[in-house]
Every structure is written in structure tokens, then in C-alpha cells.
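In case you want the letters, here they are:
Number of protein chains: 2
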Amino acid sequence: MTRQELIQQIKEKKTFLCVGLDTDLKKIPEHLLKDEDPIFAFNKAIIDATAPYCVAYKPNLAFYEAFGVKGIISFEKTIKYLNDNYPKHFIIADAKRGDIGNTSAMYARTFFEEYNLDALTVAPYMGEDSVSPFLTYEGKWVILLALTSNKGSFDFQQTTDTEGERLFEKVIKRSQQWGNDENMMYVVGATRGEMFKDIRKVAPTHFLLVPGIGAQGGSLEDVCKYGMLKDDCGLLVNSSRAIIYADKTENFAAAAAQEAKKVAEQMAALL
Amino acid sequence: MTRQELIQQIKEKKTFLCVGLDTDLKKIPEHLLKDEDPIFAFNKAIIDATAPYCVAYKPNLAFYEAFGVKGIISFEKTIKYLNDNYPKHFIIADAKRGDIGNTSAMYARTFFEEYNLDALTVAPYMGEDSVSPFLTYEGKWVILLALTSNKGSFDFQQTTDTEGERLFEKVIKRSQQWGNDENMMYVVGATRGEMFKDIRKVAPTHFLLVPGIGAQGGSLEDVCKYGMLKDDCGLLVNSSRAIIYADKTENFAAAAAQEAKKVAEQMAALL
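In the order they appear, the protein sequences are chains P and V. When you line the first sequence up against the numbering used here, it's residues 5 to 275, in that order. When you line the second sequence up against the numbering used here, it's residues 5 to 275, in that order.
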């Protein structure tokens, strides 16, 4: 999906919500466990219920890989279901990959060609040749970790170098030599509030993928106040647990829709 | 596997070779493609041929994930074959994972409990809470990316901070507050030669996983000269392509054994 198509979806639907499909067998409603493929059954119901209120889905690979072959089957079925039924939704594999060139090229082929996903999260630690193999696919995106939502983001990401640049700023600036605002986004945690101002100094036009509202406690208002672009929105704000586990009964899908709708309404007001 | 057990294996077999199982359908001998599971057939033959000359195997997950469910089945069969037949070999999943705490915990469960692997490579960018969930399993290891073998390692890993520390040094020092030399190793590329001296200043006792000899051009002599520990060796040196693709005919396994033996003999002389 191109940047223009994504912006158009956001404007039409008045939402920039991304629903995270972090599907955990321990947290889904008990009655689904009788299903042949409980993870896919849960995802399908969540997708159908929340699709009107979001523009993107983000399955986190870890939750599928944790169940070996069975989990990968559930992942592939989920992706196929999205591709077949919701082609206008932007699909992100949250995989945080990044390896030497020939390996990153393998990952790119898998996620972009085999699964036809729109975007993949990538870790920047190994530098250009670990990222650039993902940038050769038209209409496909790298979403590079910049300033994450977790406590550990203070360990290295905020280290200041001898030129006065923090590591996350260096990642953002340097990576703009490899890609542009039509094939690269950055992950910035919603818990970072005012730091979105600093992010926008170095990434004035790029889309940001923002996890950390909901269970992790970030503020949607702050994210928009400091991070939103005037015309193009420039934000995909993710919520996983607060939406998909809003209810543990047979009413789970309607409850998830309700939560997604609530967030979407806040977003419409902020747009 | 504990540190003492690993050191004992190295001393008994007089080798610290790790064979990388980066199995690529495009590179394996053509006659294997007729097999029901060509990747596993290749791995099994390579493992049986090289086991006497190495102490570790390192399948790179990307090469398996690239083939979806089929690839994961090949991976699981390879791991089971190693666990059943070569329990004294140290098995590393080269996955370069690292995510927020609840996700890293999922990965830890998969790789250490479900697959019973000895070690997992982890990317440090997200800091402590992305790494520490892997450190709670007795006899299991995190192998943290420090100074990688690729060109992109110059982009961020060698950035000097305001305290005069390079990022890879900071990663090594800071992570020693989370783990110790009995549950953590570091990835340092063989192409870094004299920089092993700097590594040993900040990681004087830790094992290092060293990719980059063979196809990537690093020197085994330099790695040992600057990186080897006096009594405990402290090195696992990986070779993938130069060993497993030594020959593309039906003679491939014997050729791989020949290559592995050659490297092991060099290692015995250096120990």
C-alpha cells in the first residue's frame, strides 16, 4: 500500500487505529478453545468486529511462533483472511527482524512476497545492509525501531553521542539515507509524550507507528499534540490488549468493537 | 548446557567450531530436491558428517521461516534430530529476537522450553526488559549482538557516547548487570580483528560467538590471537556457507566434513 492510499483510508474512515493481534491462548475466551484453530477463530471474529474502526492490523509474530507449526498455520490463515477480505487495511508483521544482508533478503521475500504484507518492523542495531534489503519492494514498508515504549528504551536508545545526538535520533537521521517517507516509518512508543517533538524535528514527514496506548499507559492526546502531521496525519496508533481482550465471554468480539469504536471516536475528534 | 560442560566439550574434541545451518533450497545439491523434506535431508547429512569436528550448531531461523509452515517443520525436525542424537552439541537458534517483556517471554518459552535449545541470539536495541526474560532458564543462554560482522555495524554500533564509550562497549558493560558469563555470550564478527582486544577489556571472561570466517572473510588466527581465553577458550567460531556448501554434488556431506575437519585442525593448533 502506498503512502497516499494509506492517508486516503485514514481520511475516509476518520481513524488511524492499528489493532494489534497479539493472540494468546491463555487470554482468549474459553469457549474458543474447543475450535479446531482457536487462534484463527479469535482473530477472524476480532477482525470482522473491528475492521470499520481501524486502518491497520499488526499481528505480533512471537505469539504465533510460540506454538510452532500450529501457530504458523494460524498466522498464515489470519494473513490470508485479511488479504482476501480486507485488502484496504494495512497489514504489519511485528517481527522486529534484522540480520546480515542475505538473511534480511530471505525475510523480505517471506513477508513481502509470500505473505503479501504491507510492512515489517525491523531492528536497526545492525545498520544499513540489514535494513536495505527490505526497501526494494514497491509499496512495501520498513518500520524501524526508533524510540520504543518499554523501560529498556533508556538503556541504549537515549544515549547521547559526541555530536550531541541521541541514538534514536541518529537511527532516524541515518536511515533517511536508505529510505524515504514512502517506504519507511518509525516505531515511537506512546509513553514518550513530549519527546514526539524531538522525533518530529528529525522525521518531519514520516509516518510513525505508535504502540503503548491502552495496557502500556501512553496518552493518545499527547501523541497527537506533539506527533500528528497537519495534513497527512502521519500516525498509526496501535492498541492490542485493551481492545482484543476487552471481554473474556462469548461477547468478546462485540466488546472489542466497542473499545475500537471508542478509540476511533477519540481519533476522529483529534484529526 | 552449562559453561563447564561446553568448555569440557571443547577440550575433549579440540575444536570450538560452530556449524551454521543456513540451509537454502537454491544452494543444496539438486538430487536432494526429490526428497520429501529436502532441507531436513540436507541438514541430517551435514550434521552426521560434521558432528565430530564441531561443538555447536546454529540454524538461522530466517532460512526456515522463509518457507512458511514447511520450513518450520524442517526446523523442528532438525532440532529434534540434534536433541535425540547429539545431546552434547550446543544448539543455537540464530533468531536475533528482542521485544517488550511479555513478547520476549513468549519467545523464551518457545525456544528454551518447546524446542529445548541451548541458546538464542538477541538484539540489544530495546534494552534490559527485552533481554532479561531469556535469562531465567537454568543452563540456557542469551547471545547478545555486540559488534557484528557486516558493514552496517559501523552505522550505530561504533558510535561513541559522551562518556567515551562505543555503543557495543556500552551494550557489553550494561548487559553484565542483567546476566553473567554463565548465561550470556556476545556476538562479535570475525571481521573485526584487533577490535577483539577492546572486546576483551569489557568482556574478559565471557564466551563470544564469532561469525564471519569463511564466506565473510574473517581471520581465525586474528580472532584467537586477540579473543581467546587462556584456559576456557571462550570462543565459538561459526562457519556456515564455506562448510555446508563446500560441494554441490552427491558428495556434499563428505566435502562438508572435509572442510569442517580442516577448520577443526586449525583450531586444535590454536588451542
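One should not assume that every hint holds.
Copies of the same chain look alike in the list, so a pair counts if it fits in one copy or across any two.
Claimed, not checked - Here are the computed lysine-lysine pairs in the DSSO-like style, where the Cα-Cα straight-line distance is at most 27 Å:
| hint | residue 1 | residue 2 |
| --- | --- | --- |
| 1 | Lys252 | Lys48 |
| 2 | Lys144 | Lys155 |
| 3 | Lys48 | Lys201 |
| 4 | Lys74 | Lys17 |
| 5 | Lys74 | Lys201 |
| 6 | Lys48 | Lys81 |
| 7 | Lys252 | Lys201 |
| 8 | Lys30 | Lys144 |
| 9 | Lys201 | Lys38 |
| 10 | Lys155 | Lys18 |
Calculated directly from the structure, the hints in this document are not laboratory data.
* With identical chains treated as interchangeable, where does the CA-CA distance between Lys201 and Lys38 reach 27 Å or less: within a copy, between copies, both, or neither? -> This pair counts as neither: shortest intra-copy Cα distance 48 Å, inter-copy 58 Å.
**Asked** Taking 27 Å as the upper bound on the Cα-Cα distance, should Lys252 and Lys201 be classified as within, between, both, or neither?
**Response** neither (38 Å within a copy, 55 Å between copies)
Note to self: My question is about Lys48 and Lys201: at a cut-off of 27 Å on alpha-carbon distance, are they close within one copy, between copies, both, or neither?
What the structure shows: Neither: 37 Å inside a chain and 54 Å across chains, both beyond 27 Å.
Alpha-carbon proximity between Lys74 and Lys17, which holds within one copy, between copies, both or neither at 27 Å
Close neither inside one copy (34 Å) nor across copies (38 Å); limit 27 Å.
TODO: Give the relationship of Lys48 and Lys81 under a CA distance limit of 27 Å: within one copy only, between copies only, both, or neither.
DONE: Within one copy only: 9 Å inside a chain, 30 Å across chains, cut-off 27 Å.
Q) 27 Å Cα cut-off: does Lys144 pair with Lys155 within a copy, between copies, both or neither? A) between (30 Å within a copy, 24 Å between copies)
(request) Since the copies are identical, ignore which copy is meant and state whether Lys30 and Lys144 lie within 27 Å (CA to CA) inside a copy, between copies, both or neither. (result) between (33 Å within a copy, 25 Å between copies)
Report task. Please work out whether the CA atoms of Lys74 and Lys201 approach to 27 Å or closer within one copy, between two copies, in both situations, or in neither? Result -> Answer is neither: 43 Å inside a copy and 46 Å across each miss the 27 Å cutoff.
Is it within, between, both, or neither for Lys252 and Lys48, if the alpha carbons may be no more than 27 Å apart? within (16 Å within a copy, 45 Å between copies)
* 27 Å Cα threshold - placement of Lys18 relative to Lys155 -> Close neither inside one copy (32 Å) nor across copies (43 Å); limit 27 Å.
This entry does not satisfy hints 3, 4, 5, 7, 9, 10, going by the numbered hints stated previously.
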